[in-house]
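Could you slot chain B onto chain A? The hints should help.
Protein chains: 2
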Amino acid sequence: MTESSKSAEAVWAAEPSTLLRVGPHFRLSDVDPAATPGFDGDEADGKRELRRTNSELADLQERLWAESRFGGERSVLLLLQAMDTAGKGGILRHVVGGVDPQGISIHAFKAPTEAEKAHDFLWRVRRELPAAGMIGVFDRSHYEDVLIHRVRGFSPPDVIERRYGMINDFESQVEQAGTSIIKVMLHISHDEQKRRLSQRLERPEKNWKYNPGDVDERMFWPDYMDAYQAAFERTSTDVASWHVVPADHKWYARVAVQRLLLQTLREIDPHWPAANYDVEFEKKRLAAS
Amino acid sequence: MTESSKSAEAVWAAEPSTLLRVGPHFRLSDVDPAATPGFDGDEADGKRELRRTNSELADLQERLWAESRFGGERSVLLLLQAMDTAGKGGILRHVVGGVDPQGISIHAFKAPTEAEKAHDFLWRVRRELPAAGMIGVFDRSHYEDVLIHRVRGFSPPDVIERRYGMINDFESQVEQAGTSIIKVMLHISHDEQKRRLSQRLERPEKNWKYNPGDVDERMFWPDYMDAYQAAFERTSTDVASWHVVPADHKWYARVAVQRLLLQTLREIDPHWPAANYDVEFEKKRLAAS
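Protein chains in written order, with the UniProt record's numbering: chain A, 1 to 289; chain B, 1 to 289.
With the rest of the complex left out, here is chain A:
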């Protein structure tokens, strides 16, 4: 590692992939949403790091894409879950938006349509899995079927219970097919959500972002925290572990998710494919054309 890249790396005193990972004995209630674990710097450093890392991320994504054109089967899936206003949109704009849009497929899972309800809960999710070479992003996901479904009683407990196992089997298949899964919960505090919802009501040009249903869901905050805790315990596996990212500081959440994505792509370590044609021959053909 050269001196200059070492100093650029030095903002991370420890890796979010380790620090934020949901392991045994994890308690969501122990996480401080206002913390900035592992990051040795302030907001200005965070924003600088975000910009600086964009080009490496874009380069790795292009390699992943190039590889797929020559038979590579690998892809990445970034799955985002969070309470309202936690900053999923900001991650999409500022982290995912730094990569070539041709290499990104984003899908926002809303309340299921009648057609989707006619199938098992993973049906619509399978259809949106990233193709080889792509970074897929799920804005919400199949976890809604064990979160809001549990909190609001949309499904009975035995069905929810069965879904944890189905999810683990599903994610294991997805990984075996070549997709690296990064599961992220953006974690804000109850107070910070109030501040952010309040801004949407105070500023007329933000009114459209507010939905009265947001406060309905907010009333169930403790139940949601319990549902997340249960989901983490049952589905943070070696194959696809959860990461809880403190998100009261937007800049930290962004740079931490960017780092998770970066480390995943570095581990995949995609290479520029070698030509599968005769380069010298093609040079002559081109020259004559």
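Quick caveat, the hints were computed from the structure, so don't treat them as lab data. Careful, some of the hints might be misleading.
Put simply, identical chains are the same to the list, so a pair is met inside one copy or across any two.
To be verified - Only pairs whose alpha carbons sit at most 25 Å apart, straight line, appear in this in silico SDA-like list of lysine to any residue:
1. K250 / S17
2. K206 / F281
3. K194 / P273
4. K250 / F109
5. K117 / D269
6. K284 / S17
7. K283 / D169
8. K284 / G165
9. K209 / D139
10. K250 / R51
11. K283 / M219
12. K209 / E56
13. K47 / L129
14. K283 / S189
15. K110 / R127
16. K117 / G90
17. K206 / K283
18. K110 / D139
19. K209 / D278
20. K209 / R69
21. K250 / A35
22. K206 / A10
23. K47 / K117
24. K284 / G213
25. K250 / R195
26. K194 / Y277
27. K284 / R196
28. K209 / M219
29. K209 / L122
30. K117 / E128
Frame of chain A, contents of chain B only:
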């Protein structure tokens, strides 16, 4: 218009939407691919203008999206056609990439699959039309069915002939449904294509971008120009006109396409939706939560 915005606008001495528009008596062979029509500046000015305009574009797109959440049905479709290496990818990275990725849907049309061939040529195109609030981008399109199909004889002349009319009817329906269509041909010279293909062969990390088929297509250059000319004459309508963008200078092509997109969004003039709930009542509910 304020002084400061006037000076920012001043790089465009005339609008690409007028200058580059394919009207009656247009001849593709009269267009100089190395020209920079309407732009009063050099490469550095072009790059500055590209960065400067990103934020207005992003703002307009967010308004378009917001409008759609409250019943708005409008969307934009940017359709890109070009000879290989003309710079479609650069437009996607540098122009489209400046907008929130949640508001963009990109589809690259490749050689049709067997399933797609089992339907009429517009079937797969309809499926990829942008939803309300979105900017859709077609990387190639239904025009392949009157371009390569004509040049390579994949379809007989009477079928091609019929398709022009089908395309006009189709695009007219799309516009009536609320989608503003911007049709762009990026126009490079035969020599510039040779230089760009040659770079892909010279630089090992670019080898994967080269396909021997690219030179095969290059051999048919004059036939492609004829096919474009015919397509322009038959399908540059008042509803959905073509724009031929000189593309030997990548910076010009990018800033010109950005301007076309910007002007279309300005014409749509989307507004922040008004709240459809009682703001004061919600403030009280939130405060109590």
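Okay, the hints, checked on the actual structure:
1. K250 / S17: Answer is within: at 18 Å inside a copy they meet the 25 Å cutoff, but 39 Å across does not.
2. K206 / F281: Close across copies (16 Å), not inside one copy (59 Å); limit 25 Å.
3. K194 / P273: between (50 Å within a copy, 22 Å between copies)
4. K250 / F109: within (22 Å within a copy, 37 Å between copies)
5. K117 / D269: neither (39 Å within a copy, 37 Å between copies)
6. K284 / S17: This pair counts as neither: shortest intra-copy Cα distance 49 Å, inter-copy 40 Å.
7. K283 / D169: Close neither inside one copy (49 Å) nor across copies (44 Å); limit 25 Å.
8. K284 / G165: Answer is neither; intra-copy 58 Å and inter-copy 42 Å both fail.
9. K209 / D139: Only inside one copy: K209 and D139 sit 16 Å apart there, 31 Å across copies, limit 25 Å.
10. K250 / R51: both (15 Å within a copy, 24 Å between copies)
11. K283 / M219: Answer is between: at 15 Å across copies they meet the 25 Å cutoff, but 67 Å inside does not.
12. K209 / E56: between (33 Å within a copy, 20 Å between copies)
13. K47 / L129: neither (30 Å within a copy, 36 Å between copies)
14. K283 / S189: Close across copies (19 Å), not inside one copy (61 Å); limit 25 Å.
15. K110 / R127: both (14 Å within a copy, 20 Å between copies)
16. K117 / G90: neither (30 Å within a copy, 40 Å between copies)
17. K206 / K283: between (56 Å within a copy, 14 Å between copies)
18. K110 / D139: Within one copy only: 9 Å inside, 27 Å across.
19. K209 / D278: Classified as between; 14 Å across copies, 55 Å inside a copy.
20. K209 / R69: Close across copies (9 Å), not inside one copy (39 Å); limit 25 Å.
21. K250 / A35: within (11 Å within a copy, 44 Å between copies)
22. K206 / A10: Close neither inside one copy (37 Å) nor across copies (32 Å); limit 25 Å.
23. K47 / K117: neither (41 Å within a copy, 48 Å between copies)
24. K284 / G213: Between copies only: 14 Å across, 66 Å inside.
25. K250 / R195: Cα proximity of K250 and R195: one copy only (13 Å, versus 45 Å across).
26. K194 / Y277: Only across copies: K194 and Y277 sit 18 Å apart there, 60 Å inside one copy, limit 25 Å.
27. K284 / R196: This pair counts as between: shortest inter-copy Cα distance 15 Å, intra-copy 62 Å.
28. K209 / M219: Result: close within a single copy only, 19 Å intra versus 53 Å inter.
29. K209 / L122: neither (28 Å within a copy, 36 Å between copies)
30. K117 / E128: both (16 Å within a copy, 23 Å between copies)
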